[in-house]
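Chemist: Residue numbers (the working numbering), protein chains in the order written: chain A, 1 to 402; chain B, 1 to 588; chain C, 1 to 372.
Heads up, some of the hints might be wrong.
Cut-off 27 Å, straight-line C-alpha distance, at most; resulting in silico cross-link-like pairs (BS3-like, lysine-lysine) [unchecked claim]:
id, chain 1, residue 1, chain 2, residue 2
1, B, Lys140, B, Lys64
2, A, Lys8, B, Lys361
3, B, Lys176, B, Lys64
4, C, Lys220, A, Lys172
5, C, Lys220, B, Lys361
6, B, Lys140, B, Lys176
7, A, Lys172, C, Lys308
8, A, Lys172, A, Lys188
According to the in silico footprint, chain B covers these stretches of chain C (three or more CB under 8 Å from chain B) [said to hold, decoys possible]:
id, segment
9, 93-102
10, 353-362
If you want a taste of the chain A side facing chain B, the calculated C-beta under 8 Å gives, among others [said to hold, decoys possible]:
id, residue
11, Leu28
12, Cys130
13, His216
14, Gly241
15, Ile278
16, Thr297
17, Leu375
Everything labelled a hint here was simulated from the structure, so no lab data went into it.
Bear in mind that the values here come from a model prediction, so they are computed numbers and not experimental data.
C-beta atoms are modelled at their ideal positions from N, C-alpha and C, and glycine is treated no differently.
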Amino acid sequence: MSIELAHKPGTEFTAAVTAAFGAFAGLLVGTSQGSALIGILLGAAVLGALAWGLLNFDLPERSARWGVAAVFAVLGLLIGGLAGLVVALIFGWFFGWFIYWLGSGRYRIRLAPYLTPGQVLWHYTFRVICGAIFVFLITPILVVMPLSFNAEDFFTFTPEMLRFDPEGYSLKHYRDFFTNNEWQRSFKNSLIIAPVATIISVSLGTLAAIGLSQSHVPFRRSIMAILISPMIVPLIISATGMFFFYSQIGNWMEGALGLNKTFVGYVKVVLAHAVLGIPFVIITVTATLVGFDRSLTRASANMGADPVRTFFKVQMPLILPGVISGGLFAFITSFDEVVVVLFVGSASQKTLPWQMFTGLREQISPTILAVATILVVISIALLTTVELLRRRSERLRGMSPG
Amino acid sequence: MSTIRGTGPGTADAPSPDDALHEAAALSDRDVPPPHGAPSDGPMLAADGTPLKKSLARALRLQKTRALMLIAPLLIFVLISFIVPIGQMLWRSVENDIVAQTLPHTVQELAGWDSAANELPPEPVFEAMYFDMFIAAEAKSHTKLGTRLNYEQTGMSSLFRQSGRKLDDLGKDYQKAFKAIDGDWSKGEAWFELMSGAADAPRAADVAAAQARNVATLIDTPIAARDGFAPSQEIADLLPLTARAYTAMAMFMQFEDGDDPAGEKPWETLYPALLRDLETADVSAYAGPRAGMLQTLAAARGDIEQISFTDAFAEIDEDWVVAEPWRTIQTHARNVTPGYFLNAVDMRLTPDGAAAQPEDKQILIRLFQRTLVMSLVIMGSCILLGYPIAYLLANLPMRTANILLILVLLPFWTSLLVRTSAWKVMLQQQGVINDTLVWLGLVADESRLVMINNQFGTIVAMTHILLPFMILPMYSVMQTIPPSYVRAAKSLGATNWTAFWRVYFPQSVPGIGAGSILVFILAIGYYITPEIVGGTKGVFISNRIAYHISSSLNWGLAAALGTILLAVVLLLYWCYDKIVGIDNVKLG
Amino acid sequence: MESTLMKTKALMLTTAAALVAGPALAGSHMASEMTIVSWGGAYSKSQLNAYHNPYSEMTGTTIINDDSSAEAVAKLRAMNEAGNVTWDVVDVVAADAIRLCDEGLALEIDPDTQLAAAPDGTSAADDFGDLLVSDCFIPQIVYSTTFGYRTDMVGDTPPTSVCAVFDTDAYPGKRSLEKRPINNMEWALMCDGVAKENVYDVLETSEGQDRALAKLDTIKDDVIWWSAGADTPQLLADGEVVMGSTYNGRLFSVIEEQNQPVAMLWDAQVFDLDGWIIPTGLSPEREARALDYIMFATDTQRLADQAKYISYGPARMSSAPLVGMHAELGIDMAPHMPTDPNNAANTLLYNYEFWADYRDDIDAKFQAWLAQ
């Protein structure tokens with residue numbers, strides 16, 4: 001670091017802060033080794049001294065950090081064996097980085113120079129809190145991913161898996177997913193039902209939301225409440241209630257219209273899911289329309305566009321983000337819905353969640369984890385692609401990254 | 001400070017020609033002279049010469065129609081495919097016509113019985129019960145009633161099932177005795193001739209209509225009384241009970257089995273019925289078809305054992321000769337009952353009105369409270385965890401924010417069932433968290449933490465599942481808050497805390513509100529996750545609803561519980577709409 | 001924007017095409033199709049091998065498997081009310097069959113005329129014997145709810161009696177029990193000193209119910225309650241519980257197929273039945289086909305065949321001698337049957353009549369007790 005930083009803190013400060021962190025690390029190690037107090041004191045003393053030493057003797061940063069990590073690793077190996085080695089290595093790497101990050105004042109580089117130390121402290125505490133929440137959000141998903149490679153038919157980390165023994169791992173659950181007819185059929189069904197249901201709820205929902213956003217709508221509140229109701233009725237009640245309705249509709253379609261039974265079955269599930277998705281579309285689109293500048297449509301009308309043209313050329317592009325996010329919610333509602341499809345659907349409309357539900361109840365099979373892993377990978381790929389495309393179009397349009 | 005609102009051209013608060021239109025309409029309504037310059041004599045005219053008032057009204061009407069036209073397709077769709085079915089489902093919470101439909105005469109007779117007097121109902125009640133139950137058993141609906149009454153009094157189910165099987169015995173004895181007197185008594189043809197009377201005799205249309213109604217409800221197919229059998233008026237007057245029993249039988253055979261009653265073996269009910277009629281009827285003057293057979297029987301009546309339906313029921317099952325089952329039937333005979341709602345709040349309907357359930361069966365109120373409290377806790381933890389994330393996302397550069405947003409969306413894309421199972425893997429005593437803690441030595445192997453199958457497990461798993469529903473609305477609201485406001489506040493001397501609390505936070509409230517209502521409503525209706533990770537203390541009222549829908553088949557109670565839950569949610573929704581306004585809900 | 005519009009149009013066209021193409025397929029597979037409802041998983045697989053495949057080959061009927069047995073009672077009732085019964089044959093446990101029969105949702109079947117007689121000429125009614133617990137129900141298998149325990153967690157004295165479940169001193173650790181009163185109340189009373197033959201007399205009284213709950217109360221903190229049959233095997237495999245109740249076939253699979261350190265505790269196993277019902281309200285032709293299937297699928301050989309794939313005992317007496325080897329593992333299945341004399345030293349038969357009456361009442365008490 002050749003740049004001289006304006007706010008390079010004193011060595012004592014760095015040593016004190018590192019000592020505090022060291023005390024915490026010592027607490028963890030101390031409890032496991034029998035005495036928390038000794039751990040705290042020792043941790044604080046050792047790391048405080050280390051920070052002070054490293055910063056005072058002007059060692060090259062890179063090699064110093066490697067050195068610290070190595071020393072920690074050896075100590076860890078002596079105290080706690082292989083497990084100790086891993087933990088100590090992490091600690092060593094962290095403290096090596098931490099001491100220099102703090103000591104060289106790098107932590108203030110990206111912050112406004114006028115911030116008080118309290119604000120800086122808060123800034124980083126806040127980041128750590130957020131990081132912890134992200135860990136909370138993502139860990140369960142990361143944890144089940146390795147289990148999908150389990151060689152056994154249970155949701156259990158076997159000793160073989162923990163030893164990283166190749167025998168503990170297998171691809172059999174993936175094979176099961178790709179070769180088992182039931183899984184394939186239900187996956188296909190989900191891919192048919194969810195998009196169609198989404199299209200129905202998005203198109204009807206957007207129209208209605210535009211209608212609702214006009215200024216003189218009679219019974220606006222009641223209409224809104226009715227349209228939102230599929231979200232607020234407990235699902236099991238909706239499922240039973242809708243069952244009766246859709247059976248009658250099904251009878252009518254098969255009897256009076258002479259339609260194919262399987263086809264009617266799909267229509268029933270699609271319509272039922274479309275109803276469930278509608279509240280999300282209504283809520284998101286009306287919210288977007290609240291901020292919509294009505295004078296734009298008037299301007300468009302003024303210039304001779306008919307309402308349809310105005311809608312597609314002026315209004316739609318502006319409310320598109322709301323429509324898309326409503327559509328996403330509606331899609332997920334259908335794609336992840338199990339209660340209603342259990343009632344309304346029949347065997348040939350079995351969806352993925354239904355198959356998972358039976359799987360969980362009747363046979364313990366990590367195949368559902370394999371499916372989840374595949375879906376997660378697909379959605380990461382999709383989301384990343386969307387983000388990259390967005391950046392590309394921004395670049396093309398010559399905008400600075402937002 | 002907290003009243004800062006966006007007033008740029010992009011918001012709905014900006015004045016628009018619509019407002020002028022509205023004001024003008026209001027003004028011309030009131031006949032107040034317009035503010036400036038316009039001629040005050042005569043009505044104002046629009047450009048095309050029509051009075052302005054009329055023209056404006058037309059414009060307004062047009063606008064309303066257009067809005068309604070846009071809403072109509074969806075509204076009709078939701079009304080028909082959701083509201084009506086749900087309404088029908090909820091109607092079951094008070095619907096109770098099964099008792100009066102299955103036992104119509106019994107219910108009538110029981111109405112006069114004083115259940116408090118602690119004595120058995122009189123003989124006519126047993127008599128009516130015999131005939132009602134017999135035809136119900138033929139239609140196989142007596143067991144259905146037994147199941148219904150078993151919700152109220154344990155043992156009714158098997159009482160009805162077993163009695164239905166033994167009911168034939170009584171008639172069989174009399175059938176034998178009748179047959180000994182004249183072999184024709186066991187022939188359908190003979191009975192048919194006797195009950196029909198002469199071919200041109202007037203028919204007892206009222207008897208036919210009444211039985212058609214009863215049979216139609218039992219076999220669940222509409223019956224037109226004039227297509228069915230009708231006894232002759234003379235017989236109906238002379239032998240009322242027999243005429244009733246025979247008509248019911250004939251209709252049942254005609255419409256349920258598609259048979260001709262004349263060609264079928266008559267039911268056993270006819271013999272006790274005729275015997276009872278002969279106790280009072282004088283048949284010596286009767287001259288219709290088969291009069292001789294009837295008169296011979298009447299003469300030989302003394303040889304046949306006297307009939308007592310009370311004794312007959314005592315023989316079928318001792319439980320019939322105590323007052324309890326009769327009280328239950330009487331109490332629950334009403335077509336519309338508050339009983340399910342009382343059950344839903346841990347009370348029950350007794351002959352003396354509503355009373356509390358025995359203490360060891362009280363659970364539902366507690367479950368309601370628990371559902372509400374836990375949903376609030378889940379909502380609260382979602383706010384606590386969601387707010388920092390939404391704030392961070394809204395204040396980071398778009399690129400970083402979008403990448404972090406993937407981390408939020410990823411759990412959202414993952415199946416609910418998978419996430420719930422994942423928490424099971426994480427939280428159980430041999431699970432990932434406990435294993436890690438033991439490995440680190442923070443927890444001793446024998447004192448692993450109990451984090452699942454209790455309220456903690458439910459709260460953690462549901463917070464995780466619902467967190468995206470909190471973050472996304474908050475994020476979209478926070479994105480619209482201009483950072484300059486906070487900067488302005490700070491430059492005016494506000495501390496960090498003041499700037500956040502007095503300037504930023506009030507503007508983010510709609511996001512919190514939207515997320516909260518979403519999370520709360522979704523939480524209150526969940527049952528799969530609590531079922532899997534909730535153990536005994538972490539289950540919700542929805543779990544009981546699901547149990548009553550799919551296992552106990554007590555749909556009335558399930559509907560009552562659902563109605564109450566729905567009412568609570570609607571009340572909250574109404575409050576929310578009043579306080580925040582549903583328009584302010586943003587999802588992303 | 002233009003491109004979005006195009007995409008929307010293309011999407012709409014595709015949807016429209018799909019909607020139009022649907023009906024065109026109508027009629028192609030009307031031939032003869034029947035929907036059979038079962039539990040899914042290994043159990044459905046055993047039925048597929050033993051019944052469905054041979055029947056399809058013989059008659060050309062296409063059989064659609066629907067894994068909805070867990071919701072069967074509710075769904076059948078709803079179907080019946082809506083007048084649209086889409087199932088032809090349904091696999092349910094006996095208690096559900098009785099409920100369905102009471103509700104008029106299942107067809108009454110005469111065993112002597114509508115079921116096949118045994119090869120030696122014994123009538124079906126005699127061959128099934130007491131197992132015909134309802135007029136609408138044709139039993140298929142006898143299964144039992146019994147306990148499995150971790151062999152590596154019980155020390156040197158593996159449990160031999162069901163009362164080990166209530167003995168937390170000798171066998172510390174969690175146990176898993178089903179989240180319903182049935183079976184648990186009986187075991188509790190038996191371990192509280194009530195003789196087996198008096199259990200239901202005691203349980204009929206309010207005091208008896210309290211007594212059973214009081215006994216369960218002694219282990220309440222050590223119990224994980226399960227509601228799906230797959231839970232206990234998972235909990236045992238995790239070592240999360242030291243012992244737990246579940247269906248014997250699940251334990252067989254854990255022990256023999258998955259090689260987990262688990263053993264069976266057959267003491268006081270509760271026999272229950274699983275079998276077929278035919279819904280009411282089918283068209284005469286579908287009803288005839290369903291009856292034909294039932295006659296085929298419940299004959300002596302077919303019931304014995306199923307035991308090759310899953311360790312449940314065939315419900316016919318005449319099938320027992322025909323039970324052979326496991327189809328994949330090649331082990332003798334007889335010793336794994338709940339009905340094997342070595343396993344059936346102390347058994348209880350599910351009391352259908354009693355639970356049909358007391359289920360609602362005791363369940364309310366049980367749930368209230370659980371929630372305390």
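Chemist: With reference to the structure, classify each hint as holding or not holding.
Modeler: Now for the hints, and whether the structure bears them out:
no. : hint                : in the structure
1   : B:Lys140 / B:Lys64  : violated, 55 Å
2   : A:Lys8 / B:Lys361   : violated, 70 Å
3   : B:Lys176 / B:Lys64  : violated, 78 Å
4   : C:Lys220 / A:Lys172 : violated, 39 Å
5   : C:Lys220 / B:Lys361 : holds, 18 Å
6   : B:Lys140 / B:Lys176 : holds, 26 Å
7   : A:Lys172 / C:Lys308 : holds, 24 Å
8   : A:Lys172 / A:Lys188 : holds, 21 Å
9   : 93-102              : holds (count 3)
10  : 353-362             : holds (count 7)
11  : Leu28               : holds, 7 Å
12  : Cys130              : holds, 5 Å
13  : His216              : holds, 5 Å
14  : Gly241              : holds, 4 Å
15  : Ile278              : holds, 6 Å
16  : Thr297              : violated, 11 Å
17  : Leu375              : holds, 7 Å
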